[in-house]
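Number of protein chains: 2
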Amino acid sequence: MQKEFLEVKKLYRNSEEFIGKTVHVAGWMRTSRISKKFGFIELNDGSFFKNIQVVLDEEKLDNFKELSKLPISSSLLIEGELVKVDNPKNPIEIQATKIEIEGVSDSSYPLQKKRHTLEYLRTIAHLRPRSNTFSAVFRVRSVVAYAIHKFFQERNFVYAHTPLITGSDAEGAGEMFRITTLDMKNPPLTEDGKIDYSQDFFGKETNLTVSGQLNGEIMALAFRNIYTFGPTFRAENSYTARHASEFWMVEPEIVFADLEDNMDLAEDMIKYIITYVLENCPEEMEFFNKFMDKGLLERLDKLVNSEFVRITYTKAVELLQESGHKFDYPVEWGCDLQTEHERYITEQIYKAPVFVTDYPKDIKAFYMRMNDDGKTVRAMDLLVPGVGEIIGGSQREERYDVLMSKIKEMGLKEEDYWWYLELRKFGTATHSGFGLGFERIIMYLTGVSNIRDVIPFPRTPKNADF
Amino acid sequence: MQKEFLEVKKLYRNSEEFIGKTVHVAGWMRTSRISKKFGFIELNDGSFFKNIQVVLDEEKLDNFKELSKLPISSSLLIEGELVKVDNPKNPIEIQATKIEIEGVSDSSYPLQKKRHTLEYLRTIAHLRPRSNTFSAVFRVRSVVAYAIHKFFQERNFVYAHTPLITGSDAEGAGEMFRITTLDMKNPPLTEDGKIDYSQDFFGKETNLTVSGQLNGEIMALAFRNIYTFGPTFRAENSYTARHASEFWMVEPEIVFADLEDNMDLAEDMIKYIITYVLENCPEEMEFFNKFMDKGLLERLDKLVNSEFVRITYTKAVELLQESGHKFDYPVEWGCDLQTEHERYITEQIYKAPVFVTDYPKDIKAFYMRMNDDGKTVRAMDLLVPGVGEIIGGSQREERYDVLMSKIKEMGLKEEDYWWYLELRKFGTATHSGFGLGFERIIMYLTGVSNIRDVIPFPRTPKNADF
Chain R
580 MQKEFLEVKK
590 LYRNSEEFIG
600 KTVHVAGWMR
610 TSRISKKFGF
620 IELNDGSFFK
630 NIQVVLDEEK
640 LDNFKELSKL
650 PISSSLLIEG
660 ELVKVDNPKN
670 PIEIQATKIE
680 IEGVSDSSYP
690 LQKKRHTLEY
700 LRTIAHLRPR
710 SNTFSAVFRV
720 RSVVAYAIHK
730 FFQERNFVYA
740 HTPLITGSDA
750 EGAGEMFRIT
760 TLDMKNPPLT
770 EDGKIDYSQD
780 FFGKETNLTV
790 SGQLNGEIMA
800 LAFRNIYTFG
810 PTFRAENSYT
820 ARHASEFWMV
830 EPEIVFADLE
840 DNMDLAEDMI
850 KYIITYVLEN
860 CPEEMEFFNK
870 FMDKGLLERL
880 DKLVNSEFVR
890 ITYTKAVELL
900 QESGHKFDYP
910 VEWGCDLQTE
920 HERYITEQIY
930 KAPVFVTDYP
940 KDIKAFYMRM
950 NDDGKTVRAM
960 DLLVPGVGEI
970 IGGSQREERY
980 DVLMSKIKEM
990 GLKEEDYWWY
1000 LELRKFGTAT
1010 HSGFGLGFER
1020 IIMYLTGVSN
1030 IRDVIPFPRT
1040 PKNADF
Chain G
580 MQKEFLEVKK
590 LYRNSEEFIG
600 KTVHVAGWMR
610 TSRISKKFGF
620 IELNDGSFFK
630 NIQVVLDEEK
640 LDNFKELSKL
650 PISSSLLIEG
660 ELVKVDNPKN
670 PIEIQATKIE
680 IEGVSDSSYP
690 LQKKRHTLEY
700 LRTIAHLRPR
710 SNTFSAVFRV
720 RSVVAYAIHK
730 FFQERNFVYA
740 HTPLITGSDA
750 EGAGEMFRIT
760 TLDMKNPPLT
770 EDGKIDYSQD
780 FFGKETNLTV
790 SGQLNGEIMA
800 LAFRNIYTFG
810 PTFRAENSYT
820 ARHASEFWMV
830 EPEIVFADLE
840 DNMDLAEDMI
850 KYIITYVLEN
860 CPEEMEFFNK
870 FMDKGLLERL
880 DKLVNSEFVR
890 ITYTKAVELL
900 QESGHKFDYP
910 VEWGCDLQTE
920 HERYITEQIY
930 KAPVFVTDYP
940 KDIKAFYMRM
950 NDDGKTVRAM
960 DLLVPGVGEI
970 IGGSQREERY
980 DVLMSKIKEM
990 GLKEEDYWWY
1000 LELRKFGTAT
1010 HSGFGLGFER
1020 IIMYLTGVSN
1030 IRDVIPFPRT
1040 PKNADF
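Line order of the protein sequences matches chains R and G.
Start counting the first sequence at 580; every next residue gets the next number (our numbering).
Start counting the second sequence at 580; every next residue gets the next number (our numbering).
No lab work stands behind these hints, which were simulated from the structure alone.
The reader is advised that the hints may include incorrect statements.
For identical chains, the list gives no copy identity; a pair is met inside one copy or between any two copies.
In silico DSS-like pairs for lysine-lysine, Cα to Cα no more than 25 Å straight-line [to be verified]:
#1 894 / 943
#2 729 / 582
#3 693 / 905
#4 1004 / 987
#5 639 / 663
#6 693 / 1004
#7 589 / 729
#8 873 / 629
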């Protein structure tokens, strides 16, 4: 039956083809205004952000009376003529000749026309994708995900599926969730009274991954250029608007490539994504610009046409100190940059996206390449106006000896990294990579300020509903 | 630096553009044959399945001696002239004018030229992507993943990210992994001595998902057509060649669509994927056809050009009974079809892919649409030669009352399904969907017979290495 029903998106995009013809559409009644003999239904079929207006004429429809009493969100199968009307915003409508009721909605449907808070809408995550805001957000999310795949695949990158269940806390990037099938009440114990994970499902302690990077490096050192794109987890009790316990990450890794290549790739990717979503979701982006963030389209347009600034951490610290601005956290060389610092650099000093590179080694991960100064590593963060950090990456330490001494210096266990070290033993090569928090870019692109509103079914502390 | 180094894939695909010119490539030495004054290196740069031959001439290279002693898998930066040679299999080679050694490999490199068993290669998962077999498998895996996204996005499906951490065992599709941050040794207990999950991270018992379908239905009933594509988990102690604890699934869900639409979609998708991979990975597919499964290309070609058969379960049982074939498990109406039955139907009876529909309700899930006969449900399985079942799906029960009584009949808890039921209350609609085990299709396309060899870092009972 589906082929029979044209997508509303097609009616809008190729309206010339259908005007004057009989068309069939199927969708949900978003609103209706029906008088005794005449009426209008705003129908949304899910294929498109915009509704199509359906005109009801009592003389043409047997069930006109029934339709006039129908609760909103009822689903309808509609036959009618597509006609052109003199309305620049909605230049087409359907004059119905037959309307079949597919599913009558209950009048208690909670998404009535009045405005709801985003907080309330989170409690009806099974219905909120039917609202304008979430219809736009989740479609943009889908289109951006595809843009990311398209960007990398067109450049011959291999999409690498790195594991979510991990037996090592190798990156130490954050708190982890334990995975187990042991009886929680009577877990097996070893002789010295510890939990005996050798009897657990995987024969050892396992957790949910915090990053696919180390596995990604394996794949890159075979395929030259790879990317991961999948779920990642953090068991941190942070109730902020920017943190979720389950989120998606994109992690490209490139070989025979240094930090400059890494920044080029990040800049190209961001510009590609923005351009793609502007081209493919014009209605949704218009909506966000109007209702979420008035400067959005201008900001994105500017970003696509700007060259990203590249400065060192040392330079950034100097600039912040010279600025005379009073920060909550004073800046000095060696400290990690706070969001207020990052935003000041990108919003006040440069008014453009800024790569900050070569951070002090003590505030960065063990795998980042040591610079000749012995004090800094080849790290990079990309800061963008309105958000702050959106990408973090580095050139990786490719020298076996340097990596080994770093592992020891940081008190990590050599045996946990045996295969990671072997990558440096069997044909090591200069390589680099970065991580993009997928939700961060969606928030940036939509103007939505809470991460709970860009994930269909968010997981946060004390919340795993739906 | 990366832009300097042309991809070997480009040299092969656009060789006319580069012949007679100086090119730079970077890659790993797969093999070498070097005599006193002259030599050959087979270089693989990861961008392409095939190696490029590099010709070494002592008179042109200062470090010829050093190069002649280099262990395989060393990484090299090469400058030289691309020349045409009279060899249909490898029509181009590089006559090196300069070779820089990027990373010397250790001579203990385990992937020496001799053949290794797949079992052994699993123990060096950090190096096996550099072998011909795994280079081909994981590239095909990447290209198929992209083909799936492309197929659905071109048809205006929304890519829906359903959660991996779930608070409900709603589908009951299999054993689950528990996720917890509780102290395993001293978990908090409730007054009646049970584990007090209200003190766990999410405030309740949580597990890793076995299917995104129920959440997918939420999204479909807002967007008409959606698909999920992500990791899925089964905590089952099965040590078979076809089961992994972590694997990827594709689950489209379509609205205003019945089981016929569902089968059309599945058939179109399978044909699209195969056509795409044949076009985009000809070298890899040639390799599989030669070394993994001699009839592979012929079988795939036949499948793309065949019309898939559609029969009911009742008919399938009749055919199996009439066949006179002696099965390990005798067939009678009401039993679940075993792999031997499935393969007999698709390989012996029809010699083509077969959809089997309308299974007995007692062997299928609660959400499948009840037929008017009261005995069967609108389920479908797609069986393909060489594998058996590759897709399972159904039309979903869209009638509130029927679904409710089914939930009660099967002893499920109504409150666990409150939102799933509400989808039938607020504008329900005919809808359908299916699940494709991503690894199954990769195995089918490559001829690889063990699921551990189509996942870069497989998770199976007692194994979460790498």
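Violated hints - listed by number, lowest first = 3
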